[in-house]
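All chains, please: the whole structure from these sequences, using the hints.
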Amino acid sequence: MSTNTMDAPVVKATETRSLDYFKDHLREYGMLVALVAIILFFAVYSAVTGRPTFVSASNLTNLFLQNSYVIIMAIGMLMIIITGHIDLSVGSVVGFIGAVGAVLMVLYDLPVAFAVLVCLCVGAAIGATQGYFVAYLRIPSFIVTLAGMLVFRGLTFMTLGSSSSISPIPPSLRALSTGTIPDLAPVLGLANSTTMIIAVVLTVGFLLFAFRKRSRQNALGTAHEPQSFFFGRVAIVAAAILYMGYLLSTNRGLPNVLILMALLIAIYAFVTSRTTVGRRVYAVGGNEKAAKLSGVKTERIVFLAFVNMGVLAAIAGLVFFARVGSATAKNGTGLELDVIAACFIGGASAYGGVGKVTGAVIGAFIMGALNMGMQSAMQLSIDYQQLVKGLVLLAAVSFDVYNRNKA
Amino acid sequence: MRPALHAGRPLKAVHDPSRLRERALAPILEMRGITKTFPGVRALDNVNLTVQQGEIHAICGENGAGKSTLMKVLSGVYPHGSYEGDIVYDGKVQAFRGIRDSEHAGIIIIHQELALVPLLSIAENIFLGNEISRFGVIDWPEAFRRSEKLLAQVGLSEPPTTLIKDMGVGKQQLVEIAKALSKKVRLLILDEPTASLNERDSQALLDLLLAFKAEGMTSIMISHKLNEISRVADSITVLRDGSTVSTLDAKNGVSEDRIIRDMVGRQLDDRYPPRQPNIGEVLFEVKGWNAYHHLNTQRHIVKDVSFNVRKGEIVGIAGLMGAGRTELAMSIFGRSYGRNVSGKAFMHGKPVDVSTITKAIDTGLAYVTEDRKQYGLLLEDDIRQNVSLANLPEIAKSGVIDAERERSVAEDYRNNLRIRSSDIFHKTLNLSGGNQQKVVLSKWLFSDPELLILDEPTRGIDVGAKFEIYSIIERLASEGKGILMISSEMPELLGMCDRIYVMNEGRFVAEMARGEATQESIMRAIIRTAGRSAA
Numbered sequence: 168m169s170t171n172t173m174d175a176p177v178v179k180a181t182e183t184r185s186l187d188y189f190k191d192h193l194r195e196y197g198m199l200v201a202l203v204a205i206i207l208f209f210a211v212y213s214a215v216t217g218r219p220t221f222v223s224a225s226n227l228t229n230l231f232l233q234n235s236y237v238i239i240m241a242i243g244m245l246m247i248i249i250t251g252h253i254d255l256s257v258g259s260v261v262g263f264i265g266a267v268g269a270v271l272m273v274l275y276d277l278p279v280a281f282a283v284l285v286c287l288c289v290g291a292a293i294g295a296t297q298g299y300f301v302a303y304l305r306i307p308s309f310i311v312t313l314a315g316m317l318v319f320r321g322l323t324f325m326t327l328g329s330s331s332s333i334s335p336i337p338p339s340l341r342a343l344s345t346g347t348i349p350d351l352a353p354v355l356g357l358a359n360s361t362t363m364i365i366a367v368v369l370t371v372g373f374l375l376f377a378f379r380k381r382s383r384q385n386a387l388g389t390a391h392e393p394q395s396f397f398f399g400r401v402a403i404v405a406a407a408i409l410y411m412g413y414l415l416s417t418n419r420g421l422p423n424v425l426i427l428m429a430l431l432i433a434i435y436a437f438v439t440s441r442t443t444v445g446r447r448v449y450a451v452g453g454n455e456k457a458a459k460l461s462g463v464k465t466e467r468i469v470f471l472a473f474v475n476m477g478v479l480a481a482i483a484g485l486v487f488f489a490r491v492g493s494a495t496a497k498n499g500t501g502l503e504l505d506v507i508a509a510c511f512i513g514g515a516s517a518y519g520g521v522g523k524v525t526g527a528v529i530g531a532f533i534m535g536a537l538n539m540g541m542q543s544a545m546q547l548s549i550d551y552q553q554l555v556k557g558l559v560l561l562a563a564v565s566f567d568v569y570n571r572n573k574a
Numbered sequence: 031m032r033p034a035l036h037a038g039r040p041l042k043a044v045h046d047p048s049r050l051r052e053r054a055l056a057p058i059l060e061m062r063g064i065t066k067t068f069p070g071v072r073a074l075d076n077v078n079l080t081v082q083q084g085e086i087h088a089i090c091g092e093n094g095a096g097k098s099t100l101m102k103v104l105s106g107v108y109p110h111g112s113y114e115g116d117i118v119y120d121g122k123v124q125a126f127r128g129i130r131d132s133e134h135a136g137i138i139i140i141h142q143e144l145a146l147v148p149l150l151s152i153a154e155n156i157f158l159g160n161e162i163s164r165f166g167v168i169d170w171p172e173a174f175r176r177s178e179k180l181l182a183q184v185g186l187s188e189p190p191t192t193l194i195k196d197m198g199v200g201k202q203q204l205v206e207i208a209k210a211l212s213k214k215v216r217l218l219i220l221d222e223p224t225a226s227l228n229e230r231d232s233q234a235l236l237d238l239l240l241a242f243k244a245e246g247m248t249s250i251m252i253s254h255k256l257n258e259i260s261r262v263a264d265s266i267t268v269l270r271d272g273s274t275v276s277t278l279d280a281k282n283g284v285s286e287d288r289i290i291r292d293m294v295g296r297q298l299d300d301r302y303p304p305r306q307p308n309i310g311e312v313l314f315e316v317k318g319w320n321a322y323h324h325l326n327t328q329r330h331i332v333k334d335v336s337f338n339v340r341k342g343e344i345v346g347i348a349g350l351m352g353a354g355r356t357e358l359a360m361s362i363f364g365r366s367y368g369r370n371v372s373g374k375a376f377m378h379g380k381p382v383d384v385s386t387i388t389k390a391i392d393t394g395l396a397y398v399t400e401d402r403k404q405y406g407l408l409l410e411d412d413i414r415q416n417v418s419l420a421n422l423p424e425i426a427k428s429g430v431i432d433a434e435r436e437r438s439v440a441e442d443y444r445n446n447l448r449i450r451s452s453d454i455f456h457k458t459l460n461l462s463g464g465n466q467q468k469v470v471l472s473k474w475l476f477s478d479p480e481l482l483i484l485d486e487p488t489r490g491i492d493v494g495a496k497f498e499i500y501s502i503i504e505r506l507a508s509e510g511k512g513i514l515m516i517s518s519e520m521p522e523l524l525g526m527c528d529r530i531y532v533m534n535e536g537r538f539v540a541e542m543a544r545g546e547a548t549q550e551s552i553m554r555a556i557i558r559t560a561g562r563s564a565a
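Here the protein sequences come in this chain order: A and B.
For the first sequence, my numbering gives the first residue as 168, with consecutive numbering after it.
For the second sequence, my numbering gives the first residue as 31, with consecutive numbering after it.
Quick caveat, the hints were computed from the structure, so don't treat them as lab data.
Possibly wrong hints are sitting among the right ones.
Here are the simulated EDC-like pairs of lysine to aspartate or glutamate, each with C-alpha atoms no more than 20 Å apart in a straight line [unchecked claim]:
| id | chain 1 | residue 1 | chain 2 | residue 2 |
| --- | --- | --- | --- | --- |
| 1 | B | Lys195 | B | Glu245 |
| 2 | A | Lys459 | B | Asp528 |
| 3 | B | Lys457 | B | Glu434 |
| 4 | A | Lys459 | B | Asp478 |
| 5 | B | Lys214 | B | Glu154 |
| 6 | A | Lys464 | B | Asp383 |
| 7 | B | Lys457 | A | Asp187 |
| 8 | A | Lys464 | B | Asp392 |
| 9 | B | Lys457 | A | Glu195 |
| 10 | B | Lys496 | B | Asp271 |
| 11 | B | Lys380 | B | Asp392 |
| 12 | A | Lys190 | B | Asp392 |
| 13 | A | Lys456 | B | Asp392 |
| 14 | B | Lys389 | A | Asp567 |
| 15 | A | Lys459 | B | Glu504 |
| 16 | A | Lys456 | B | Glu410 |
| 17 | B | Lys427 | B | Asp478 |
| 18 | A | Lys380 | B | Glu410 |
| 19 | B | Lys389 | B | Glu315 |
| 20 | B | Lys341 | B | Asp492 |
| 21 | B | Lys457 | A | Glu455 |
| 22 | B | Lys403 | B | Glu424 |
| 23 | B | Lys403 | B | Asp492 |
| 24 | A | Lys380 | B | Glu436 |
| 25 | A | Lys459 | B | Asp116 |
| 26 | A | Lys456 | B | Glu541 |
| 27 | B | Lys457 | A | Asp567 |
| 28 | B | Lys214 | B | Asp231 |
| 29 | A | Lys456 | B | Asp412 |
| 30 | B | Lys213 | B | Glu178 |
| 31 | A | Lys459 | B | Asp401 |
See the structure below:
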């Protein structure tokens with residue numbers, strides 16, 4: 168934007184040059200490019216070394232299943248990070264909610280729906296408690312949630328009591344995490360035709376939505392993205408949806424948890440970009456004092472961000488519990504780091520005020536793809552995986568800070 | 031302009047030969063023809079300052095007259111080479127590269143904002159950065175022994191292990207002086223030393239300065255308080271707009287009128303939009319307003335202030351830095367400043383509750399801050415998002431933002447206030463000061479207030495943009511809004527306001543109508559009341 172400072176001749180928005188636009192949005196495109204590059208790298212690597220193909224239906228299914236709970240929490244964590252805070256307790260909350268759910272469902276044999284509701288309420292209560300300390304008592308979130316991390320891990324042990332693990336989980340809950348949608352219309356000769364049909368419908372819907380938005384922007388003269396970028400981006404996303412739909416439909420079909428994830432992503436993308444609450448969240452993180460002087464109830468926004476995180480952590484806890492198949496005291500250990508890393512890799516600013524839901528999701532997928540590739544394609548041990556993930560995180564954030572200082 | 035200089039001769043002789051004093055000693059300090067420029071600003075223009083050995087020399091001047099800059103040049107904060115002119119100290123031309131050099135020469139500055147670490151002890155503070163140590167190991171017994179001696183010199187009996195945070199401001203000031211003494215001070219510079227002290231502590235401090243003088247020490251004191259100056263100063267240098275205006279002998283008392291005239295006597299040559307006031311009934315009124323410092327509840331910052339603003343009226347608040355004007359405005363605007371805020375507020379004659387920012391906004395108040403970047407803008411966000419921030423419900427339906435409406439609102443303000451940018455999606459970080467200010471104004475205009483409080487509305491804005499801001503203010507007033515304008519630039523207040531309140535040391539000390547307010551009358555009101563209100 169340096170060429171557009173105040174006294175520069177007034178340029179019409181539509182005439183913004185492609186290069187400038189790319190420079191401004193380097194980070195957003197960079198993440199997508201990185202994700203594609205990582206997948207390509209592992210695909211080529213496994214092809215060259217004669218291992219089973221990397222881009223396969225089962226790998227894709229696993230990528231979604233393995234990262235579902237990280238992505239669900241990354242959405243909540245993103246909002247916390249945008250307000251300028253952090254939540255270190257989510258890994259322990261995942262373990263604790265799993266234990267609570269297991270006790271209710273398995274030991275007391277209560278209805279699954281009721282147990283799920285209780286778990287979500289417990290998550291909200293946890294978030295509210297931590298949020299109260301952070302927002303109203305002004306205790307640094309790092310400290311509050313570090314304490315929470317220890318407290319809820321301890322409570323997980325206590326809840327499970329003598330039984331070191333509780334299983335088996337009820338089948339209806341298991342369907343949430345490992346199940347796929349049934350094939351209702353076996354017409355296309357695929358293993359799961361319904362999935363393919365959904366993919367086609369989604370693609371058409373996406374295209375309609377994208378072009379309608381574009382034409383409105385064109386009419387108003389607010390289309391910033393150059394035409395070529397717009398077409399390129401839309402084509403890639405549409406192709407990706409179709410291809411993934413095809414891959415999934417040749418296997419077990421669309422995972423249920425993917426539907427849950429997609430719903431949450433859509434809802435939160437909308438909330439952050441289009442609602443007054445979302446706008447206030449960014450304002451609090453961007454400049455808390457200015458937001459406060461503009462009448463934003465900054466404490467309440469931070470409080471709500473933590474309540475929201477608690478609920479999402481509870482959902483993630485149930486998904487995790489369902490996926491692992493048993494509640495143990497170790498469930499979710501260290502998960503908070505993956506979640507936080509996903510947000511920062513996805514472009515959230517460590518100073519607050521900046522970040523996007525889609526970015527955090529892509530960040531989580533980058534981490535997930537790295538994990539999977541190093542594990543299955545390269546068969547590297549856990550120590551290398553940690554090393555590489557750490558370096559990717561550092562590189563992503565360094566890049567942000569560098570960009571920021573340059574501007 | 032440049033007065034002829036005679037080597038070794040005190041400058042005052044040139045200005046005012048009748049007051050020439052015979053001196054056996056050469057001056058300890060002569061600053062000759064100091065000029066210091068910042069990009070776009072000439073902060074000091076050929077300033078001359080001569081300080082005699084063993085005297086107390088006062089420096090007077092308005093905000094922005096160049097007092098602090100001059101002291102920063104002297105102490106090496108602006109190193110040799112970054113300014114023009116010579117510093118002759120101790121008979122030699124000095125080339126200080128930093129504070130270390132000037133301190134080594136015995137020149138010590140005590141700033142208005144004390145530079146003590148609250149959680150460290152007296153002894154630790156006195157020897158901070160200058161510890162008595164062998165191979166990096168501090169000799170505490172020796173440090174305590176010397177601290178006690180230094181404390182005795184400034185009249186303190188506290189043990190040197192006392193933490194700074196547990197002492198009053200007056201005693202902290204004395205610790206600063208003890209710290210200066212530990213550095214073998216020969217020329218002590220105090221920047222408004224009594225600004226945050228009560229009457230008793232101020233007197234004690236001045237007595238101490240006189241005692242030091244009796245022992246032969248030289249001091250420079252920056253102050254606005256004429257009664258204090260006349261009590262201790264031997265001579266006075268008045269600065270205005272970065273130049274030396276006069277050097278006066280104060281041994282036999284000072285003429286208040288002379289100092290005031292010298293401080294403010296500039297040409298009123300700025301341009302203001304024509305004004306035909308159409309003033310209505312009283313819009314907003316405040317009675318008996320009080321506020322205390324947000325950290326130190328002992329400090330009474332706003333003292334029993336009452337005022338009113340009428341519809342369509344532009345009311346100014348004049349005063350020096352630290353008079354409590356911003357604190358007054360912010361404490362009224364939803365108690366965003368201060369503790370134990372009390373007083374009554376009325377809108378259209380009815381009592382209103384302005385105890386939270388949301389309530390203040392709903393009442394029809396808007397506060398445009400003096401510090402745009404810290405308190406006014408979301409710098410990482412664009413013009414559009416900044417404009418809508420204070421009134422989001424207006425552009426939203428059940429919590430969902432109507433992007434189209436938001437865009438058109440921002441577009442309207444961009445056109446109306448002539449914000450220069452490529453479009454409304456321009457990050458506010460990259461706008462010039464004037465355009466940033468217009469964005470902040472847009473934000474508050476969109477909240478549709480009845481009373482706009484403008485705190486230093488043209489600070490850091492170039493001349494052309496200033497006129498635009500003035501025109502906007504004038505337009506708002508003629509539309510019937512009430513304007514309360516805080517400014518440290520007197521010509522601006524005189525050019526814009528229908529009525530001016532003068533604030534000093536937390537109180538409103540004068541009220542002047544458009545015709546009767548002059549730079550001299552405002553400054554006189556400030557000077558007359560300075561340091562006279564017992565805390």
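Exercise for the section: Identify every previously stated hint that the structure contradicts and give their numbers, smallest first. Expected result: 1, 2, 12, 14, 15, 18, 20, 22, 25, 26 and 28
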